[in-house]
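Start from the sequences, fold in the hints, and give me the full structure.
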Amino acid sequence: MSDFRQDFLKFALSRKVLKFGEFTTKAGRQSPYFFNAGLFDDGASTLELARFYARSIIESGVKFDMLFGPAYKGIILAAATAMMLAEQGVNVPFAYNRKEAKDHGEGGVLVGAPLKGRVLIIDDVISAGTSVRESVKLIEAEGATPAGVAIALDRMEKGTGELSAVQEVEKQYGLPVVPIADLDDLFALLQNSAEFGSFLEPVKAYRERYGAPRG
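Residue numbers (this note's numbering): 19 to 233.
Worth flagging that the hints you see were computed from the coordinates, not collected in a lab. Check each hint, because a few of them may be wrong.
Claimed, not checked - Derived BS3-like pairs: lysine-lysine, alpha-carbon spacing no greater than 27 Å straight-line:
#1 K176 / K134
#2 K176 / K155
#3 K81 / K134
#4 K155 / K28
#5 K81 / K222
#6 K134 / K155
#7 K37 / K176
#8 K28 / K44
#9 K81 / K44
#10 K81 / K34
#11 K189 / K222
#12 K189 / K176
#13 K91 / K117
#14 K134 / K44
#15 K34 / K222
#16 K44 / K222
#17 K44 / K117
#18 K91 / K37
#19 K28 / K189
#20 K134 / K117
#21 K34 / K44
#22 K44 / K91
#23 K37 / K222
#24 K134 / K189
#25 K176 / K91
#26 K176 / K28
#27 K28 / K117
#28 K81 / K155
#29 K34 / K134
#30 K155 / K91
#31 K155 / K117
#32 K91 / K34
So this is what it looks like as C-alpha cells:
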C-alpha cells in the first residue's frame, strides 16, 4: 500500500511547495529545504492537499466534532478539508475567524457553524504557536473544547527553547498535533530519491543542529 506521507511530499515537490537548496528561515537559520504551503494556490492542488489532510486526520484517530480554520490560511484549509472529509463519510461543520470584528450584519469575529463540542484546529504549519493560542482562546470562549491541531508539515526543530513549536503546543495545551508529514518522512524521501538524495546529509546536519528532542 502506498505511504500517503511520501505521496504528499512528492506532491509538494511537484508543486514547488517543497524545495531543496539554501534558504534562510524566519528565525535566521540556514536551511537546506523550504516549505511554503501558500503555493498550493489553485483548485486542483488545494483539492489534493485537502485529501491529504482528510486522510491524515482520519488515520490519526483524533476525536472531533467540527473544524476551525484560523484566518487567513486556515480558512480555505478548513473549508476544503471539510469537503474531503464529507467524501469519506465524515460530515462535520466548520468555522473560521476574521482578523477584525465586524460591527454590522451578523457581527463578531466568527463565521460559519457555531463552535460546539470538540473542535479540531487546522492550519498549514505551527511556527511560533501564536495562531494556535488565539484559536484556543476563541474556542474556549464559546464554551467548546479544543481537540487538536492538524498541520501540513512538522519541521521538528527547536522553537525559542529546547522544544519544537509543535511540542510546545502539545505540552502547553495538552493537544495532539496531527501533521500530514514530518522531518522523519522527509528523511525517508531523500533516502529513496535519486534526484534529491544529495540533500540527505545537509538535512541530517540541520536536524542535528536545530532539531528538538524526540518524544
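Taking the hints in turn, this is what the structure says about them:
1. K176 / K134: Since the Cα atoms of K176 and K134 sit roughly 33 Å apart, the hinted pair is violated (cutoff 27 Å).
2. K176 / K155: 24 Å, holds
3. K81 / K134: Satisfied, since the Cα-Cα distance of roughly 13 Å is no more than 27 Å.
4. K155 / K28: 35 Å, violated
5. K81 / K222: Distance ~34 Å between K81 and K222 Cα, so the pair is violated.
6. K134 / K155: 14 Å, holds
7. K37 / K176: 21 Å, holds
8. K28 / K44: Since the Cα atoms of K28 and K44 sit roughly 24 Å apart, the hinted pair holds (cutoff 27 Å).
9. K81 / K44: Not satisfied, since the Cα-Cα distance of roughly 33 Å exceeds 27 Å.
10. K81 / K34: 33 Å, violated
11. K189 / K222: 26 Å, holds
12. K189 / K176: Holds, at about 14 Å.
13. K91 / K117: 12 Å, holds
14. K134 / K44: Roughly 35 Å separates the two Cα atoms, so the pair is violated.
15. K34 / K222: Cα-Cα ~21 Å, so holds.
16. K44 / K222: 20 Å, holds
17. K44 / K117: This hinted pair holds, its Cα atoms lying about 22 Å apart.
18. K91 / K37: 20 Å, holds
19. K28 / K189: 31 Å, violated
20. K134 / K117: 21 Å, holds
21. K34 / K44: The hint holds at about 19 Å.
22. K44 / K91: 18 Å, holds
23. K37 / K222: Holds, because 16 Å separates the two Cα atoms, which is no more than 27 Å.
24. K134 / K189: Measuring from Cα to Cα gives roughly 23 Å; hence the hint holds.
25. K176 / K91: 23 Å, holds
26. K176 / K28: Between K176 and K28 the Cα gap is close to 25 Å, so the pair holds against 27 Å.
27. K28 / K117: Distance ~33 Å between K28 and K117 Cα, so the pair is violated.
28. K81 / K155: 20 Å, holds
29. K34 / K134: Distance ~37 Å between K34 and K134 Cα, so the pair is violated.
30. K155 / K91: 18 Å, holds
31. K155 / K117: Roughly 14 Å separates the two Cα atoms, so the pair holds.
32. K91 / K34: The hint holds at about 18 Å.
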